[in-house]
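Chains G and Y, in that order, are what the protein sequence lines are.
For the first sequence, the numbering used here puts the final residue at 265, and the numbers step up evenly by one.
For the second sequence, the numbering used here puts the final residue at 324, and the numbers step up evenly by one.
Source of the hints: derived by calculation from the structure; they are not laboratory data.
Keep in mind that this is a model prediction, so the values were computed, not measured.
Incorrect hints may appear among the rest.
Some chain G residues judged to face chain Y by a derived CB distance under 10 Å, without partners named [as the list claims (entries may be wrong)]:
hint, residue
1, M71
2, A74
3, G88
4, N89
5, L91
6, V92
7, G93
8, A97
9, R98
10, V100
11, A105
12, L112
13, F114
14, A127
15, R130
16, Q235
Listed next, the stretches of chain Y that the computed footprint assigns to chain G, with coverage defined by at least 3 CB atoms under 8 Å from CB atoms of chain G [claimed, not checked]:
hint, stretch
17, 46 to 59
18, 203 to 210
Pulled from the structure, derived: some chain G residues nowhere near chain Y, Cβ distances all over 10 Å [what the hints assert, rightly or not]:
hint, residue
19, R52
20, P96
21, Q116
22, E141
23, R173
24, I194
25, E205
26, E209
27, F240
28, P244
29, L247
30, I253
C-beta atoms are modelled at their ideal positions from N, C-alpha and C, and glycine is treated no differently.
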Amino acid sequence: MEAMLEIAGVVTAYGKIEALKGVSLSANRGRITCLLGPNGAGKTTLMMTTAGVLKPRQGSIKLEGNELVGLSPARIVGNGVALVPENRLVFPQMSVRENLLAGAYQRNDSGEVAADVEQMYARFPRLKERREQLAGTLSGGEQQMLAVARALMSRPRLLLMDEPSLGLAPIVVKEIFGIIAELNREGVTIFLVEQNAHLALQVAHHFYLMEQGRVTFSGNPGELAEDEVIKRAYLGTRRSAG
Amino acid sequence: MIPFIQTTLDGLMVGSSYGLLALGFALIFGVMRRLNLSYGPSIMVGAYLGTLLYIQFGAPTYVVAIVAVAGSVMAGVYVERLCFAPLGVGAGVASMVSSFAIWMQLEQASLLMLPRHSYPFPSLTSSELLSLGPLVVRPDYLIMLAAMLAITAALHVLLYRTRFGLGLRAIVENSVAASLSGIDVQSTMLKAFALASAIGGVAGFLVLSANQQVTAMLGMWATLKGLIAMMIGGLGSIPGAIVGGLVLGVIEVHSQTLFGPQVRDLAAYGVLFVLLVLRPGGIFGTTAISESVGHRGGDRWTTT
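The shape of chain Y in the complex, shown without the other chains:
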């Protein structure tokens, strides 16, 4: 029983980083109803900038963290201005395809900065394990879990207790009605994009410092994990992102323990497949995707 609980606990810890990645994804998708495939590569740009400072100048960990988050935000804003802002709300596919093109651009820019496959990344804590009775946890994973909880709580307050959050939720429901209420849709979307990229940057930094290395696969990895976790939880759902991330983490770690590391990703995709067949909207997607996504409020008046 103890090993099972230990594995589940490890899964939750790993899953909290997926949850953070999915949170940024869900924020963008929830507000814009558009997929930003460049989300992971944006995180990669920030992480690579931080790594560059670390290996070239021996920058302290906190500087690396700040640069990683700021770089991710900068890259995210660049993507928004280039792929999302110029295209109308209805142009979901065009935004997605252009964000895929920018993915390549951001990844290549990162690889020009640091061409090797992997580089060391500063760790946040000592690697000594903390014991909780019969269980053990890694301190850096504990920080990841705490960061996820804190950021989720902060996001909740932002969405439900502030004017910015009210505007954001109004845009999610109906962007035309939001603009008619005096909400500046363009600037609110840009801020949401920057915020999502910042959350992604935090997630990226925490994962890399836990791994103590950064690889060229980071962009792909972050987009995939965030996207899968979001799809498990429910497209564009904030609680769904967290739950989806945790579920993904637990599934991955359990399948790795049971069947070995080769099966880890296979199991995750398998579960995603079964879930999407049974519940196309994800765990928190109460309605089918077509209803929550295909139906933009903004298009409603033009059809009459």
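With the rest of the complex left out, here is chain G:
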């Protein structure tokens, strides 16, 4: 299995506090890789480091062999990586359509971009209904769909998603995960951070557990009983052992 994203020995710190203490993992092409772990484990930090928003102190992050560390977030998008950030971060004062166009900022094929906007409307009919509405007026679920669609507008080969289910109603979460599986079937490689271990294990091909800035377990769903995964993901191994 070919690794699309290879993260090796990444250390990221906020001032003196190391949030990532040497993280190594990989995400395989065409697969859904999921990262689970308790709050404060460093999952979002890892996503932000991969997307180039945070600069690591050490380590390397390679996309198909090309180093991403040191590139600006915009260059990383240009390399085919898009992040759907935690809390969605849509542009609230811009219309749904403008949010989508912002996602295609680097593309010069305006005809294709217009076709992709239509494709997003077909995939997310709710966005089509609200295309001229300001993104800030959308519901949480609609904003999440918009954030996913905005990320897809850059035509990424690797889609990073940071807690797409956060704060959403169960039925909306199910819809979002349906979309994740669908995108993956269409060939998009997905690297997902998720709190909802039950759902994550349903779609993931491979998963990692992270705790206090380190990867503590790597496996395939089914290798470890789900309740054990959940216990470790939420409580952490240290606390459950003690």
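Model the placement of chain Y on the given structure of chain G, informed by the hints.
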């Protein structure tokens, strides 16, 4: 009634130059949420370069205009690279303080070029008044008003009809999300800074050619007028900058007519004070400053 209308009209004309100054300020503040106190001194550098060419070599007016705008842009880019680009989005105070230090530097550099307190500046038109029925206007003020309208319209098109404008607005809303969408935040900010300085340069040139002289107070004057007009209109608001400038101009000219020139600035500060007490966000600031300014989208994810 006619004198009142005449005074108001004069105020609007003067205010259009304040509006232009505030426009540049608002553009920088809107995008970066940081105050560039060196905005006026940057304009001064451009104006002084133009003046130098004018008095030393008798450069024609259009050359002076081009040099004034280009010099302002150069100085603005210098300020951005030195005070804004190296400091993160969160370092608003550090940028402001360092831009204050650069203010002194730019002002001293200008005074080394031309050490006297004032110099002549080429005028754009004849000083003959145009009459509009019972009212009269100065042609150079009319040009100022036209320039303000044209630049505002052009800025609107740029912000709402172009890809650059889309990127700029995205950065205003959330610079982290903008960078994750593939927008090069650093270079877009630099371009916005250069653009704002160019608008300031145009404003500076038009005001000086109307006054037909340039003084060492230019830097201070431009920063103050632009800042006050922006604060009246609403921090970082483009329509607010224009309205704030016009309001400031009308207040100043009316108070000068009523109470004399000594009261002119006093009245402007008084109105600013009352306005900020009643409406801290300015006329177009729909929310309080803390909400539009203190809340950078970029910080949101780090706090969770």
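Taking the hints in turn, this is what the structure says about them:
no., hint, result
1, M71, "holds (7 Å)"
2, A74, "holds (6 Å)"
3, G88, "violated (21 Å)"
4, N89, "violated (17 Å)"
5, L91, "violated (14 Å)"
6, V92, "violated (16 Å)"
7, G93, "violated (14 Å)"
8, A97, "holds (4 Å)"
9, R98, "holds (8 Å)"
10, V100, "holds (4 Å)"
11, A105, "holds (7 Å)"
12, L112, "holds (4 Å)"
13, F114, "holds (4 Å)"
14, A127, "holds (8 Å)"
15, R130, "holds (8 Å)"
16, Q235, "violated (17 Å)"
17, 46 to 59, "violated (count 0)"
18, 203 to 210, "holds (count 4)"
19, R52, "holds (22 Å)"
20, P96, "violated (4 Å)"
21, Q116, "violated (6 Å)"
22, E141, "holds (19 Å)"
23, R173, "violated (6 Å)"
24, I194, "holds (24 Å)"
25, E205, "holds (22 Å)"
26, E209, "holds (21 Å)"
27, F240, "holds (24 Å)"
28, P244, "holds (27 Å)"
29, L247, "holds (28 Å)"
30, I253, "holds (21 Å)"
Going down the numbered hints, you'll see the structure goes against 3, 4, 5, 6, 7, 16, 17, 20, 21 and 23, while the others check out.
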